[in-house]
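One-letter residues, chain by chain:
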Amino acid sequence: QKEVEQNSGPLSVPEGAIASLNCTYSDRGSQSFFWYRQYSGKSPELIMFIYSNGDKEDGRFTAQLNKASQYVSLLIRDSQPSDSATYLCAVQSGGSYIPTFGRGTSLIVHP
Amino acid sequence: NAGVTQTPKFQVLKTGQSMTLQCAQDMNHNSMYWYRQDPGMGLRLIYYSASEGTTDKGEVPNGYNVSRLNKREFSLRLESAAPSQTSVYFCASSERQDEQYFGPGTRLTVT
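In the order they appear, the protein sequences are chains P and S. Each residue of the first sequence is one higher than the last, beginning at 1 in the numbering used here. Each residue of the second sequence is one higher than the last, beginning at 1 in the numbering used here.
Chain P with its partners taken away, still in its complex shape:
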């Protein structure tokens, strides 16, 4: 069974710090990796995707993928209170229509 593991948190960081969110996955055939942000009471929305090993940067967000270690992470630089949310990691195998979601990590950015 495909598994995606995330620390449920909460991860608490001060405003302006770097928040590091981690995700491990079990399926070595995984090819697509997504990070979704979900505010309380709202639906998930995509913030980053990554397909290749290495880093991918978009503004304050960096996704890091290491397929050999089956590990994907999300770094949020200069964290803001508005970044406080639950972050869901999703992993999808090649040719599959179905992503496997982790249970999410709750991030709290305090002023």
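Any given hint could turn out to be false.
Derived pair list, reagent style DSSO-like, types lysine-lysine, alpha-carbon separation capped at 27 Å [said to hold, decoys possible]:
# : chain 1 : residue 1 : chain 2 : residue 2
1 : S       : 9         : S       : 57
2 : S       : 14        : P       : 42
3 : P       : 56        : P       : 2
4 : P       : 42        : S       : 71
If you want the footprint, here are the derived chain P segments under chain S, 3+ residues with CB under 8 Å [stated by the list, open to error]:
# : segment
5 : 21 to 35
6 : 38 to 48
7 : 74 to 84
Source of the hints: derived by calculation from the structure; they are not laboratory data. For each residue, glycine too, the CB sits at the ideal point set by N, CA and C.
Start from chain P and add chain S according to the hints.
What follows is chain S alone, placed relative to chain P:
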């Protein structure tokens, strides 16, 4: 461009009652999904439709049925609601291995 819409937003049912949750997308996506989200459990796939005319069971299909009415619409039916089906239900759509777009959710309470 509304994206993914869901109706109703809130619903309270008594045990044994039936209802249909409606979902529509205007992004011309082939794939559509129904998830439920419970505290601490993450997103769990109920049913999905890889393309118009096909539906398949996900992780937690018992007690639910679906209809892919056309390419735009994918409905979820509870034939005889049970308290265990109290949850937040999200519809999503995607194009193959691309990211998923979520609707705003339906908050269902079964008493």
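Mind listing which of the numbered hints don't hold for this structure, in increasing order? 7
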